[in-house]
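Enquirer: Sequence:
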Amino acid sequence: MPLASLEASFAIDEHLVAGDGQAKGRLWLHGPSLVPGMRDMRLPHAQEAVARFQARGYEVHLRSSGGRLVVLDEGVLNVAIAYAGADLPQIEPGFHLMADLIGQSLGSMGLQPLVGEVAGSICAGRYDLSLDGRKVAGLSQRRRRNFALIHAFLLVEGTGQSREELAADFYAAAGATSEESVRPGTMAALAEFHGDITVARASERLRAALDVL
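Quick note: the sequence shown uses this note's numbering, first residue 471, plus one each step.
Simulated from the structure, these hints should not be mistaken for lab results. Be aware that one or more of the hints could be misleading.
To be verified - Label pairs and their computed distance ranges (CB to CB):
#: 1; residue 1: T668; residue 2: D570; range: 21 to 27 Å
#: 2; residue 1: Q582; residue 2: R512; range: 34 to 40 Å
#: 3; residue 1: Q560; residue 2: G586; range: 17 to 23 Å
#: 4; residue 1: E484; residue 2: P654; range: 33 to 39 Å
#: 5; residue 1: N616; residue 2: G655; range: 40 to 46 Å
#: 6; residue 1: S475; residue 2: E587; range: 17 to 23 Å
#: 7; residue 1: E587; residue 2: E635; range: 19 to 25 Å
Idealized CB from N, CA, C, for every residue including glycine.
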């Protein structure tokens, strides 16, 4: 699974349904990166925070789907599903579809995630997926008149704490309030619950699920 730039990865996602209009899915990875949302870039010192992380070797790219800052690295698996707008005209079914797909894939590895917001986590939202109260995946969606793209980030390898700390560093540098930052103990990687789970194994299970779209 080759690594690509953030800009290239998001561009590929948005062209998944180009041509035949059929639903398609894909998985992708990239190196240490920050993907802030529009709200994050309105923080008083957001540009200074971006420059600081770029100087540390992080790629930074404004996210195209809804939501707030996401921390990515080679232990975080990204999942994208694209539908023609006519096939998925409402926003809720898209979130349910992605949550079910990831839930079934994790279930086949002996993990049963819950759906619901994990307050204080990275990019908290109603469709967070969690294990033992800690977020392991987040969902977002980008929609146009004839296009629906559902995206998820899934923490597979490494630790939740390492990503929490990076997000907290960004928000502190950007001038966020404590309510806008990330709380410790809210994130986890799948490998923290099941030591045999790797990006390769999770990719295999998710790819099998995507193949039946």
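Enquirer: Next, verify each hint and record whether it holds.
Expert: Status of each hint after checking the structure:
1. T668 to D570: 21 to 27 Å: holds, 23 Å
2. Q582 to R512: 34 to 40 Å: holds, 37 Å
3. Q560 to G586: 17 to 23 Å: holds, 20 Å
4. E484 to P654: 33 to 39 Å: Given about 35 Å between the Cβ atoms, the range holds.
5. N616 to G655: 40 to 46 Å: holds, 42 Å
6. S475 to E587: 17 to 23 Å: violated, 31 Å
7. E587 to E635: 19 to 25 Å: With a Cβ separation near 21 Å, E587 and E635 satisfy 19 to 25 Å, so the hint holds.
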